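Student: So you can see what is in the structure, the chains are spelled out below.
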Amino acid sequence: MFQLRRFLSDYKKEVIIGPLCKLFEAILELFVPMVMANIIDVGINTLHDGGYVLRTGGLMVLLAAMGLTSALFCQYFASKASQGAGTKIRRALFEHINTLSYAELDRLGTPSLITRITNDVNQVQQSIAMCIRLLTRAPFIIIGSLVMAMTINLQLSLIFFAAAVLIGLTLFLVMKLSVPVFSAMQRKLDVIGRVSRENLSGSRVIRAFSKQESENRHMDSATQDLAKTSIRVARLSALLNPVTYAVTDAAIIAVVWFGAVKVNIGEMQTGEIVALVSYMTQILLAMVVVANLVILMTKASASAQRINEVFDTQPSVTEKYSGYISVKENKTKITFDNVSFRYADGKEVLSDLCFSVLRGQTVGIIGGTGCGKTSLLNLIPRFYDVSGGRVLIDGVDVREYPFAQLRGQMGIVPQQSVLFAGSIRDNMRWRSPNAGDKEILQALSVAQATEFIQKLPDGLDSRVEQGGKNFSGGQRQRLCIARALVGEPKLLLLDDSFSALDTATDAALRRALRQNTDDMTVMIVTQRCSSIQNADLILCMDDGRIVGSGTHEQLLESCPTYRDIYLSQQGAEVRA
Amino acid sequence: MTKRKASKKIYQYVKPYRLLLLGALLSAIVSISLTLLIPVLIGTALDEIVSKGNVDFADVAKILGYIGIAVAGVSVCQWTMTYFVNVLSYNTVRDLRRELFRKFNSVPLSTIDNNPHGDLISRVINDVDAVGDGLTQLFLQLFSGAVTILGTLLFMLGIDWRIALTVVVLTPLSLFVAGFIGKLTHRRFTEQQILQGNISAFVEEHVGNERLVQAFAYEKRAEEGFDAYNTELLDVGFKAQFAGALANPCTRFVNAMVYAAVGIFGALSVIGGSLSIGQLSCFLTYANQYTKPFNEVTGVLTQLQTALAAAGRVFELLEFGDESPDSNKAFQHSGGNVVFDNVSFAYNPQKPLIQNFSLNVPGGCHVAIVGPTGCGKTTLINLLMRFYDVDEGSIIVDGTDIRNISRKNLRSRFGMVLQDSWLFEGSIMENLRYGNENATDEQVIKAAKAAYAHSFIHRLPQGYDTVISEGGGNLSQGQKQLLCIARAMLTDPEILILDEATSSIDTLTEIRVQKAFAKMMKGRTSFVVAHRLSTIRESDVILVMRDGNIVEQGSHEELLKKGGFYAELNRAQRNI
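Here the protein sequences line up with chains V and A, keeping their order. FYI, the working numbering numbers position 464 of the first sequence as 464, with every residue one higher than the one before it. FYI, the working numbering numbers position 507 of the second sequence as 1083, with every residue one higher than the one before it.
Derived by calculation from the structure, the hints in this document are not laboratory data. Bear in mind the structure is a predicted one, so any value in this text is a computation, not a measurement. Ideal Cβ placement from N, Cα and C applies to all residues, glycine included. Treat each hint with caution, since some may be false.
Unchecked claim - Part of the chain V face toward chain A, derived, beta carbon under 8 Å:
1. Phe-94
2. Ile-117
3. Asn-122
4. Val-147
5. Ser-201
6. Lys-211
7. Asp-220
8. Asp-249
9. Asn-264
10. Leu-501
11. Arg-563
12. Ile-565
13. Gln-569
Kindly produce the complete structure, drawing on both the sequences and the hints.
Tutor: The following block contains the structure:
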């Protein structure tokens, strides 16, 4: 919780003045009984004067009006500080998530991140507002009452301290016991988020297998699980009020009893007992407020923990320098120097990779399913860092580059074609925010997307739904390719990016690519030999190793794996 | 949705737990009446403590004993009240989430395709949470409030009915003020919840595709996009919270005025001689008690308002139209004959896609569908599986219009593998068993072997028990496709649909998988959408589609001879 206080630093004024306003209101409230006493003592008993009663009554109205004003100010400051801090936390979380590398994102999981940035931040935000509104008043009353009790009778005030210790202990215990349960609650909320997300993204498969009922049961058990945990925590936190009540009233009983003893021996007046009892009642009321605050804070601190967990997650892939480093364009664009790689939990998926790619070359990477093609490609923009060896671009280790400089020179087309909600133009400007229509249309034409874009009534302004769902798989893929081409990348990484294209489009696209990109280095991961037959270099992979490298013709002669792949594709033609 | 309608609907969900409500109400009655009784008891105890040597210890002890019992009663009842209310609201929350989730499974797919998933998830997570918080606060305050009001009212009526009536008539003024403020601010709270949904959708989209964001060095711009929503939420959230928080100080102000009025008129009555000072002081105490619940209810008004706005969004989703009612009939015949009879369909009425499409596929026929992307191939499959219903015409399988068959029965005859490989978080074993829960381990392994997935599964650290994390973790796209294929093979379907099911699999494995499919589907109908023409040469019929229509159909040889569009596609592929 306290780790998050930095987000309040811009709201120091609000955080200080807000509670002060509340305090002022509380003090004003204390005057009201005195004024009332005045009405009775002076107005009625002494003067018998209706006019005095009215005048003093007017003073009460004035006090109320002042109270209202300061309460409004307090609410204003509380709203401002809490909403402001919440906004800042959300923003900082989003920014921090953007710095995390793939490995950490895999671990935290998207649905949980979504819950944290919305639900958990809301909890914290609420607790800040409550603190500002309630936290000063209650201690003020409690301490004030304690001091007053001590002036009346020091010995009996010990009962007050005993009660305070007991209540404090209860608060502490309940808090300690319930924090882990509240964390468990948020985790279970994550599960509900995840199941919902899976259900929405897999709706076709779920329906195809008629699994709606079992999905519903899945959700039933996830929600039941959450309900059970919530009720468990409720059982605990519902204890706070009654325990507080019981302890204070036990203290009152003790005060009356020992008071009676003292009165009997003449050490005390009955009126003093009355005063002590009323102070105890004041404390009780304040304590109940504190107890409720404690529940809220406990819940919020579980959320704060989850937020901090994200902040404390350090990206495993970090920039050494930001800004720009000077790199001379090298004849050798990419070098893999004895590279090996493993994922956090697994065994080595890439071993001893050594190869160089000259500027302007086209390189094909081919090999069986799961042989490490995508993993290899992921090392170039540093989505993951190598486990051994190094990857060089223009002769400089990729770990030396600032991210923007490294990734900025690349056009990347991932395997899954995802577009973002917005217009086609918005999507095309991902690589270079200021790209003009001419440039965009050029990229679309290389990607063979001009034809269907032209058919759209709104052209480049056509709306794209989230994920690009309103386009067919092949259309999406072409748009993703075009997106990577805008702004003339020096290095184009295509990860099996022709898979949803019909063959004619595939061929036309590659032809256009060749004609338009003299200086661009291209890496193509693919399943089809035909896609890379003309490549300058083909790397044939098997189980994380390069088992053959060379041109199509060379590999046909020297690499049995490549020959098999090639023949499997030719075989179909022969049989036809 | 209006507030009234939302409240009414919430009540429907609370209704099953009215016994808990009753329990909470009874607890409130007992604890509040005892709470009101305790000061009276303390008073009598104090009366026994007169002065030095004049204390009746026996009586004091007896009364203190009663107080102890009362305190115990209050504590227990306070606990049960809080507990019951919590159980009620957590159960309601659970039911609402279940209902929402069931809705996901009963709406037409178009609804899922057309709504941002992040927003839908936010309704399940954040909005339902807000409703739950609101319910808890409402009932806790409502019950103890109602009982307190009733109790103090009785006491006041006992003292002086005229002043009591003044209090009764004046106090609701504060409710009017609160209600008025509520009305003014409802729109802001609705806006706040909508923005909350927008933020969720934005986070879902960008964090869900964090890889793309980083690949395109898009972080800064994503943050700008996030800021736009976030700042708007700050603005609206601040206004909503502040406006909602106005209610409480205003109510307290009104009540302070009432208190002053009672004081003034009471004092004047005392001067006039119709009231004693003791009665006035008693009256003031009760007037204070009486107005407290009004203050407390408005203290949680912000939460209640948020809850109502959130409930509006929850019920809006629950009111989305369901799929057309399902038939309960099953197929009478088998054989796998599929007829498209004059089918027309469009996702968007303005953009006709498939028009007057007719096709007769005899049982056991292997049909391949080829054509440029976006020509409607996937749409045919959407129609066949009844993910979408035809606009005109009909689809007849084995003599029955598929709309007259239960969806479950229809879909159970199909095995379907899509290009987007969807797997859920669970072990590989669970994923493979998805379509056939009763399959034995041997059968699962057999299917995995047929799909050429066994060898890579075997190499995973936990083999078939390896848990696939959200998004598939470190499995390659091709491996995920192989798992989807194994999953479909395990269902042993009568009719097979492959929509680009092998696009990410290397060609050697692809050929083997196809052979396995061929063996499995011998004598059964199959539909295969493919881009690689080489993979479909042996189909009985090849449908060549373009712009939603079949432009050619026939076997590979026939189509080549014809020298039309197919021949052109084929040439393009060979010239690569």
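Student: Run through the hints listed earlier and report the numbers of any the structure violates, in increasing order.
Tutor: 4, 11
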